[in-house]
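**Student:** Based on these hints, arrange chain B with the ligands on the given structure of chain A.
Take a look at the letters that make up each chain.
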Amino acid sequence: MSVQKTGVPMSEKQISSQVGKFTSRGVDVYYGDKQALFGIDIDIMENKVTSLIGPSGCGKSTFLRCLNRMNDVIDICRFEGEILLDGQDIYASEIDVVELRARVGMVFQKPNPFPKSIYENIVYGPRIHGMIDGRSDADEIVETSLKRAGLWNEVKDRLNEPGTGLSGGQQQRLCIARAIAVNPEVILMDEPCSALDPIATAIIEELIDELKENFTIVIVTHSMQQAARVSQNTAFFHLGKIIEFGETDQIFTNPRNQQTQDYITGRYG
Amino acid sequence: MTNLRAAHIKKRYAAERRFKMYGLLAIMFALGFLAIMLVTITFRALPAFSQTYVKVDIEFSENVIDPDGAREKVQIAKADFQKIVRDGIYALFPEVTNRKEKRKLKKLISSEAGYHIARVLLADDQPDFEFIGTKQSVWVKSSDDIDSFIKGLIRRDVDESRRRVNDQQIGWVDQLMADGRIEKRFNWDFFKFGDSRSPEDAGIRGAVVGSFFTLIITLLLSFPLGVLAAVYLEEYSKPSKMTAFIEVNINNLAAVPSIVFGLLGLALFLNFFGMPRSAPLVGGMVLSLMTLPTIIITTRAALKSVPPSIREAALGIGASKMQTVLHHVLPLAMPGALTGAIIGMARALGETAPLLMIGMVAFIVDVPTGFTDPSTVLPVQIYIWADSPERAFEAKMSAAILVLLFFLVIMNAIAVLLRRRYERRW
Ligand SMILES: Nc1ncnc2c1ncn2[C@@H]1O[C@H](COP(=O)(O)OP(=O)(O)OP(=O)(O)O)[C@@H](O)[C@H]1O
Ligand SMILES: [Mg+2]
Chain A
300 MSVQKTGVPM SEKQISSQVG KFTSRGVDVY YGDKQALFGI DIDIMENKVT
350 SLIGPSGCGK STFLRCLNRM NDVIDICRFE GEILLDGQDI YASEIDVVEL
400 RARVGMVFQK PNPFPKSIYE NIVYGPRIHG MIDGRSDADE IVETSLKRAG
450 LWNEVKDRLN EPGTGLSGGQ QQRLCIARAI AVNPEVILMD EPCSALDPIA
500 TAIIEELIDE LKENFTIVIV THSMQQAARV SQNTAFFHLG KIIEFGETDQ
550 IFTNPRNQQT QDYITGRYG
Chain B
105 MTNLRAAHIK KRYAAERRFK MYGLLAIMFA LGFLAIMLVT ITFRALPAFS
155 QTYVKVDIEF SENVIDPDGA REKVQIAKAD FQKIVRDGIY ALFPEVTNRK
205 EKRKLKKLIS SEAGYHIARV LLADDQPDFE FIGTKQSVWV KSSDDIDSFI
255 KGLIRRDVDE SRRRVNDQQI GWVDQLMADG RIEKRFNWDF FKFGDSRSPE
305 DAGIRGAVVG SFFTLIITLL LSFPLGVLAA VYLEEYSKPS KMTAFIEVNI
355 NNLAAVPSIV FGLLGLALFL NFFGMPRSAP LVGGMVLSLM TLPTIIITTR
405 AALKSVPPSI REAALGIGAS KMQTVLHHVL PLAMPGALTG AIIGMARALG
455 ETAPLLMIGM VAFIVDVPTG FTDPSTVLPV QIYIWADSPE RAFEAKMSAA
505 ILVLLFFLVI MNAIAVLLRR RYERRW
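Heads up: the protein sequence lines correspond to chains A and B, in order. Here my numbering is used: the first residue of the first sequence is 300, the next is one more, and so on. Here my numbering is used: the first residue of the second sequence is 105, the next is one more, and so on.
Treat the hints with care, since some could be wrong.
[Stated by the list, open to error] Calculated Cβ distances over 10 Å to all of chain B for the following chain A residues: (1) 391; (2) 436; (3) 499; (4) 537; (5) 566.
[To be verified] To give an idea of the interface, some chain A residues facing chain B are shown, with a C-beta separation under 8 Å as derived from the structure: (6) 374; (7) 377; (8) 411; (9) 414; (10) 428; (11) 481.
If you are wondering where the hints come from, they were derived from the structure by calculation, not from laboratory data. All C-beta atoms, glycine included, are put in the ideal place defined by N, C-alpha and C.
So that you can see chain A by itself, here it is in the shape it has in the complex:
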């Protein structure tokens, strides 16, 4: 084993020259009395894929759900700190959560299409946000969203069949299409491939790569290879803290921290 230690403290080398879409400063999250996140500082770059990795229970999902305030629905969850989206504090009192979630979409670990038709799954979001004016609008949104999610050719003849009748991989792409349909700026993905086989996973990874042209993507994953393949930046979480954050290439080839090194080489206990 080749342990590499560099003397550079992690926070010193910021990912330069680009604008942070999200800027998180000193984020602490508590579930009841239990603290789940400790002072998270991180910048998420626009039109990049940022992956969050780390052992189970380290707070990746918790942090991800802070970005669109999904934690609000958990009664015992308490948030402290600051997260800026385009320089605006998303936890400020004047922020409308519904509006925020339209800007920051989410794809979940288990594909969760609505038990409605494929068509309805896609148009639901745009409809409640008043983005649809008439049937042709809706048709167009359905087609472009499904095309961007790479699902159009597989489902174009059965748009009225229930979304729950698709295969797991197709369902997950439907969920991605559903998220895309409201035209968000950021898409959060919490282990989007963990319920999928390698082929479906490959399709989704390809998709993520294409989507980053138009969207900022944050993805939680347990697969080191996946993080290495799809993301430009990687954050390593451990016990609720960020141990290391940097460009994916650097993290995977030249981690500065011993714990990171151990984790990505699979030596983590």
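**Tutor:** Just chain B with the ligands now, kept in the frame of chain A:
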């Protein structure tokens, strides 16, 4: 060693078989009782579905019906149709002259026969009065005793002193039979009429309609209220002492004996608000007090069983809380809520005690036409008939039980269907 294993396996198989047998026996036992109950009730109910008719030649003589010849409906309706029917039956047996015997003879036919004839003849707004002055053969209902006799419920071999039909009457009936003047028909009137003092005219319609109106009120009140309460408790309320208190009380309410709700209805709706007695409106209100907890509890269970992933999906694309609930969670919970409502309704349909308290036990002949008309309901009708001394009411009671069971089975079948149909769609 192998022998021992083999014996052990054999023993295990035997035990399995025995265990299965016990289960089967238990089911057969339960089913057996159900079957016995159904068969007895059906057999006892059968007589209620037919009615004996007697053909009588009736003279609609002008000087009885319309002495002044004005041909006015109101006037004619007041005429003594009973007398002309009576005269009709006397004419069949001219040899009977003794007053006492005549009274016995008169008892062959329904005491209401005259009214029925009048009602049929004067049914239209502008009835034609051509029947006046003619002589016609009319089938009239027999009295309940003769009906029972024809159906074999009153037996000829019993000693005359212990029989409600005497030998002479049997003789007349035999003669009428021989003349082809007696006929058994399907008793449509049982489904067309309300209650009556005379069993041959008593029908189930009043009670069915009363039950229907009552249940409509119950459903309209308890379903929306129950669903709203459940949605609030399940989706909106934060756990606190107050919600815990409410929860405990809802569960308690579900266990309160129904007669208590009747007392509450009496004190509150009738005495305090002065609402009408015996009305389906009040009955429905009382019953909705009773079904409300059931609906709240089942709806909450249904809401709980909607997977959180659906809520997350909706919230995740920016649906508001209300949109999430209204568009996604509630529709998925609806079958469960409806099942609860139907089961609650079925319970309400069979409920007697609370309705007795608000006066729905009164003897009511007219079929109710609205929510405030005095009326009775099916189980109360059963109770009333069970309490009546006339023998023929026994069959009516069983028939009413059948009707009640029929509606209950239908409602439960709908509940089962709904549950089947929407089970686990995600
Ligand atoms: N709803 C909750 N209520 C209480 N504690 C929670 C809740 N959700 C998460 N936690 C706790 O917060 C910590 C972080 O959880 P989180 O789900 O963010 O971990 P994770 O990194 O996503 O793990 P995994 O890789 O297994 O998904 C854990 O200790 C967990 O027990
Ligand atoms: Mg997680």
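**Student:** Hint by hint, say whether it matches the structure.
**Tutor:** Right, here's what the structure says about each hint:
1. 391: Label holds. Min Cβ-Cβ 18 Å, cutoff 10 Å.
2. 436: Since the minimum Cβ distance to chain B is about 17 Å, residue 436 of chain A lies beyond 10 Å and the statement holds.
3. 499: Label holds. Min Cβ-Cβ 18 Å, cutoff 10 Å.
4. 537: With a cut-off of 10 Å, residue 537 of chain A remains clear of chain B, as the shortest Cβ separation is near 26 Å.
5. 566: holds (34 Å)
6. 374: At 6 Å from the nearest chain B Cβ, residue 374 of chain A passes the 8 Å test, so the hint holds.
7. 377: Violated, because the Cβ-Cβ distance from residue 377 of chain A to chain B comes to roughly 14 Å (cut-off 8 Å).
8. 411: Hint holds; residue 411 of chain A Cβ to chain B Cβ min 4 Å, cut 8 Å.
9. 414: Holds - the Cβ of residue 414 of chain A comes within 8 Å of chain B, reaching about 5 Å at its closest.
10. 428: Hint on residue 428 of chain A: holds, closest Cβ of chain B at ~6 Å, below 8 Å.
11. 481: holds (6 Å)
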